[in-house]
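Asker: Going line by line, the protein sequences match chains A and B.
Each residue of the first sequence is one higher than the one before, starting from 1 at the first, in our numbering.
Each residue of the second sequence is one higher than the one before, starting from 1001 at the first, in our numbering.
There could be a bad hint or two in this list.
Unchecked claim - Cross-link-like lysine to aspartate or glutamate pairs, in silico, EDC-like; alpha carbons within 16 Å at most:
hint	chain 1	residue 1	chain 2	residue 2
1	B	K1116	A	E529
2	A	K239	A	E329
3	B	K1004	A	E117
4	B	K1004	A	D114
FYI, nobody ran anything at the bench for these hints, they're computed from the structure.
One-letter residues, chain by chain:
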Amino acid sequence: MRQSMSEPVRIGFYICHCGTNIAGVVDVDRVAKYVATLPNVVVSRNYKYMCSDPGQELIQQDIRENQLNRIVVAACSPLLHERTFRNATAKAGINPFCFQMVNIREHDAWVHTDKEEATTKAIALARAAIRRVPHHKPLEVKQVAVQPGVLVVGGGIAGIHAALTLADGGQKVYLVERDLTIGGHMARFDKTFPTLDCAACILTPKMSQVRAHPNITLWSYSEVVKVDGYVGNYRVTVKRKPRYIVEDLCTGCQECVEACVYRQPKFPDEFNVGLGLRKPVFLPFPQAVPAIVSIDPGTCRVFTHPNGCKQPCVTACGDRKAIDFSQKEELVEVTVGAVIVSTGFQIFDAKRVPYYGYGVYPNVYNALEVERLVNASGPTNGELVMRNGKRPKTVGIIHCVGSRDENTNRWCSRVCCLYSLKLAHLIKERTEAEVWNFYIDMRTPGKLMEEFYNRISGEGVHLVRGKVGDVYPDPADPEGQRLVLQAEDTLLGRVLKFPVDMVVLSIGLEPAADAQQVRRTLNMSCGSEGFFLERHPKLAPVSTCNDGIYLAGCCQGPKDIPDTVAQAGAAAAEAYALVTRGYVEQEPNTAYVVEEDCSGCKSCVPLCPYNAISFVEDKKKAAINEALCKGCGTCVASCPSGSIVQNLFEDQEIFSEIEGVLANE
Amino acid sequence: MSEKAWEPRIVGFFCNWCTYTAADLAGVSRMKYAPNVRVIRLMCSGRVDPQFVLDAFARGADGVLIGGCHPGDCHYAEGNYKMLRRYHLLRRMLGDMGIEPERLRLEWISAAEGDKVKSVINDMVAKIKALGPLGLPVRFQTWDGELAADGHAGREEVRHG
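Extracted from the complex, chain B is given alone in its bound form:
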């Protein structure tokens, strides 16, 4: 981190058909919004594995934004409902882990709602700024240091698959 003011880092998982297209529309319409979200394109919000969300937090994300089609409008019929279930579970789980559930957000943004991309991102950035940094990687280091000082083995590297 440089001496610049802290800026939140948010990972976005946008479905190809609605929210990603809406973000394209926001671009074509030259709407201006906060630059903190890094979008990863998936075909459907139903593809968002809970591990993606946890991994993003573990690697330093301060927030995770998931964008899908409106209920009833999913390109794949009901993938967004599957995401909705996971979202509720994930929020509870994050809370139990001591992470503010508001750091995870799910929004239905249709291909026509470029302005919603802008307002959701700006709003989320403002809210995450109010929450402050999550900084899990730094906390991991601290905890590892404490454990090592107590003579325990260090934390295992984050692994996948």
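Just chain A, with the same shape it has in the complex:
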């Protein structure tokens, strides 16, 4: 680097029009002219698009021709283009950290309407940066090695696809699934829109590949409990919950299930959302991966009965010795370079809309239950019969239950219109029932989706534009089985009453119940709805604000299977790029102790959440381990003797900014 601290400061200032985004509100010419009058400023220009190649070239040319050694750009948020301009600065031979960015778009032009006020604010912010940069020092970017291996949290279709993509590329993948089997929600679906191909047919081969892949370690029935470290070096603790089966010894023969003292399945089957029954020892569903049984301590007599059980399951297992009632929870640790979060969603609890009678009237179902009822491997072997054993002759499907609703969830869940049409098709196909769909708006964007809508509406499914306001037992039905749906047909402008045998609630998608906990574990952010927040909605859709942590699937927001798989592929590519590059560059905003000023009071030592500060006994001084420091600056602000300095955020730099924003013109 050619500049040194003794050289006189020569600042180049550039204000960006950003088309009319900035220049439409801020008088950029006036700002540039004002800045030109400030001390140390050699060049002050305005330009239409500073981030464009000619804009960057302008800076570089000025650096060369005017021997500039500090650059200030007033444009958009530094979170967007700081790196662009640092690179441009570096290309012309000066240290990239002798650069400062002023945010006059997001923080000024876009949020104010009065030109005079916005210009005054831009001037104040620019002046602060002009006063700040003389204190900037050349800094070096540190490279930190990235460990191989990627953790994928959540084994639904998103996690499965991401894991397989990475594993096929030669990366070691640890796939952690909370449930007994991978497959997630998709494994429970019957057919998938818009192609109506069977969910199991397209999903289960991928599930088997996960099990068979030499690069994938699958930890099912496990949860990530702790994540330490930083990008490239995440130390992950995974809790493996006891399933009372030794995974490596179980062959999945299910002879133990046959042998169980419970001759018949007796307990609600979670996989079939409670519509079927299972034994205490069970395989969640025939194509479960891993294909091993589990014992539920909540229902197994060994755990629940004071006299225990004769344990015929153990006898049936014989020499395989796969059953182990003494199994305990186990913690395993692994270090990975990147993490993909694909923890999915939960369905909206329809009980929260009491007037639809879910949980009150047995013939009101949610859509996931109907998925199981029409599924050939479901509790009724694919026959659509209701809880009363009858086939429905008329079915009402209510869209937007827990979506687009001020009282529950405001967002559109994106998949409900389409899966409602799919269910209408399947119900009609299986029962020849008359099906009525009640929708607010029919939303069918995406490839082949409008065609699918046209196809289904041509099949004789009734589509009524109107929100159902009430569901109640039909007073005309002596058996009290039929229900009346009351809705305003907004196209006819009339309130109508529809007697139906069965009501299907198209429930929306919500953040998983423990999304907040997952977010904290991985140091991510959530949007206001509770879905994980991507770094940038358009340009960094699978990244998070925590480097090396990526998002895939519905944990980031409701989406259909094609979009989920596409996003999972994108997350895998991002993680792959990081891990195969082998290093990350770290922002040099770490702190250090100026030994001669340190009084050795130790007040900083316990403040550091990363244990980066230690007390050197022989010198009686604090010392900061740069590799552990993450650059928050908390110790700097707390040091009573002012002996700790944070690079890029030195006291003098901040004081100059304060002075700059408050100075009178």
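Following the hints, complete the assembly by docking chain B onto the known chain A.
Answerer: Chain B in isolation, oriented as in the chain A frame:
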């Protein structure tokens, strides 16, 4: 000061991960709010040195707004709690110095809460307007003048570090 109506000047110290990002979001969403806050970006609200706050008041700020991540959500685990401690101390200290404690405000604003940036800033501007100017630099001058008239030496320039 010109003959225009007095407008409060507020210095904002926003953490990079939550509140600064939320202010960016407010911008991207084109929310409109009062132009009185000048934001200084720090990596964490834990970096806000009490001296920054005092210096801002001494240099003419009528209010100081500190924005950090919600409790439990700090990008650096607990820097925001460290700020919270200092905030309570600072408020008491400001009161003792004759500065209305309400001129210092600490808000937890997450990266998703662009609308909170808008409402907090508008609310704070309204409250500071109701309090009126703090005008410490002017008061310093007056006091210096009085001291000089009494034959004392003038006040020392504000110094740092």
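Asker: All hints, please: hold or fail.
Answerer: How the hints compare with the structure:
no., hint, verdict
1, B:K1116 <-> A:E529, "holds (15 Å)"
2, A:K239 <-> A:E329, "holds (7 Å)"
3, B:K1004 <-> A:E117, "holds (12 Å)"
4, B:K1004 <-> A:D114, "holds (15 Å)"
Checked against the numbered hints above, the structure breaks none of them.
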